[in-house]
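Enquirer: Fit chain B to the known structure of chain A by using the hints.
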Amino acid sequence: GDSVTQMEGPVTLSEEACLTINCTYTATGYPSLFWYVQYPGEGLQLLLKATKADDKGSNKGFEATYRKETTSFHLEKGSVQVSDSAVYFCALRSASGTYKYIFGTGTRLKVLA
Amino acid sequence: EAGVTQFPSHSVIEKGQTVTLRCDPISGHDNLYWYRRVMGKEIKFLLHFVKESKQDESGMPNNRFLAERTGGTYSTLKVQPAELEDSGVYFCASSLGTSNSPLHFGNGTRLTVT
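First to last, the protein sequences are chains A and B.
Going from the first sequence to the working numbering is simple: count from 1 and add 13.
Going from the second sequence to the working numbering is simple: count from 1 and add 896.
The shape of chain B in the complex, shown without the other chains:
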């Protein structure tokens, strides 16, 4: 089966610009998560979708971040306008709905805001 895919793998933008990250989960995985890792720090939870619904968005840093999952398939994470502190690696992960289903991660998108 195809794994979780993320696009782009790298993005370099200037402060104030907009960037949209995309994640395609494993087919059939209802749960989709976004995480972010800032250099050398922990992988921080951003939000969790169950199908197209936001189950938990407590980790979203502010209203410059908007995540969507229309139709319950792929998801996008838009940052508008980007700030320097948004730089980091954004990971997407998906899992089945059972309580002990492991997370399957994409390779991440490295975002650099200059």
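The following block holds chain A by itself, in its conformation from the complex:
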């Protein structure tokens, strides 16, 4: 079945450091890909998405590119801030069947001032 694998955390960075959180997927067809973020005490929020190969999703300085050839959707940011501290979830929306969403394990990011 479809699945998502993302790097384990926690990831601890200093402010203004570069961030990469790896995400790879297994799916039939062409799923849509998402990054969701969960800030402390809140629910998950959509951060960015890409719906077809080579699409780049971006929001709040974060970017991720849908790579069909490597089945990846790595999350990147050039300069993180303390306010980016959160748990980040990679997810796919199946292209067939009931179109349900499948999530990874989440990666906790802590940014130090």
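Worth double-checking, as some hints may not be accurate.
Stated by the list, open to error - Below, computed lysine to any residue pairings styled on SDA-like, alpha-carbon distance capped at 20 Å:
| # | chain 1 | residue 1 | chain 2 | residue 2 |
| --- | --- | --- | --- | --- |
| 1 | A | Lys113 | B | Ser954 |
| 2 | A | Lys113 | B | Lys947 |
| 3 | B | Lys937 | A | Gly22 |
| 4 | A | Lys113 | B | Pro998 |
| 5 | B | Lys937 | A | Leu122 |
| 6 | A | Lys113 | B | Phe941 |
| 7 | B | Lys937 | A | Thr118 |
| 8 | B | Lys937 | A | Ser109 |
| 9 | A | Lys123 | B | Met935 |
| 10 | B | Lys937 | B | Glu979 |
| 11 | B | Lys940 | A | Gly14 |
| 12 | A | Lys113 | B | Gly924 |
| 13 | B | Lys937 | A | Asn35 |
| 14 | A | Lys113 | B | Val946 |
| 15 | B | Lys937 | A | Pro53 |
| 16 | B | Lys940 | A | Gly56 |
| 17 | B | Lys947 | A | Tyr112 |
| 18 | B | Lys937 | A | Glu55 |
| 19 | B | Lys940 | A | Met20 |
| 20 | A | Lys113 | B | Glu964 |
| 21 | B | Lys940 | A | Ser109 |
For the record, the hints were derived by calculation from the structure and aren't laboratory data.
Keep in mind that this is a model prediction, so the values were computed, not measured.
Expert: Frame of chain A; chain B shown alone:
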């Protein structure tokens, strides 16, 4: 617009007791999903409603879990009787019916079974 709301935010119950979680989706969202995250693991799909119908309940762990969405509005998820392994955070999400509609999540209900 009001977001997805879940109640209660926390629940602590003893093994063998019953708990009912409630989710109010965004008004007009036909799709409603229940997910669960056990500590440190992935967010696992439980089931999907389209209006009042169960579209996919393949993720429901066993018959101790019962989900309903009478009238196609709010949904409840009942666990009876609760077991220790049911502890986790239960998320509800809703979306419009279009293929690329994003999921809107509630803040979750943290369930602890002791």
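Enquirer: Sort out whether leucine 122 (chain A) lies within 20 Å of lysine 937 (chain B), counting only the CA atoms.
Expert: holds, 15 Å
Enquirer: When you check the alpha-carbon spacing of lysine 113 (chain A) and serine 954 (chain B), does it fall within 20 Å?
Expert: At roughly 11 Å apart (the allowed maximum being 20 Å), serine 954 (chain B) and lysine 113 (chain A) satisfy the hint.
Enquirer: Given the hinted pair lysine 113 (chain A) and glutamate 964 (chain B), is their Cα-Cα distance within 20 Å?
Expert: holds, 18 Å
Enquirer: If you draw a straight line from the CA of lysine 937 (chain B) to the CA of glutamate 979 (chain B), is it 20 Å or shorter?
Expert: Holds, at about 18 Å.
Enquirer: Just to be careful, I want the Cα atoms of lysine 940 (chain B) and glycine 56 (chain A) compared with a cutoff of 20 Å; is the pair within it?
Expert: Holds, at roughly 15 Å.
Enquirer: Taking only the CA atoms, is the gap from lysine 947 (chain B) to tyrosine 112 (chain A) under or equal to 20 Å?
Expert: holds, 15 Å
Enquirer: Against the 20 Å threshold, does the CA-CA distance of lysine 937 (chain B) and glutamate 55 (chain A) hold or violate the hint?
Expert: holds, 18 Å
Enquirer: Taking only the CA atoms, is the gap from lysine 937 (chain B) to threonine 118 (chain A) under or equal to 20 Å?
Expert: holds, 5 Å
Enquirer: Would the pair lysine 113 (chain A) and glycine 924 (chain B) pass a check requiring their Cα atoms to be no farther apart than 20 Å?
Expert: holds, 19 Å
Enquirer: Hinted pair, alpha-carbon criterion (20 Å max): lysine 940 (chain B), methionine 20 (chain A). Please report holds or violated.
Expert: holds, 17 Å
Enquirer: Is it true that the CA of lysine 937 (chain B) sits at most 20 Å from the CA of asparagine 35 (chain A)?
Expert: At roughly 16 Å apart (the allowed maximum being 20 Å), asparagine 35 (chain A) and lysine 937 (chain B) satisfy the hint.
Enquirer: Regarding the pair lysine 937 (chain B) and proline 53 (chain A), is the alpha-carbon distance no greater than 20 Å?
Expert: holds, 17 Å
Violated hint: 8 only; the structure is consistent with all others.
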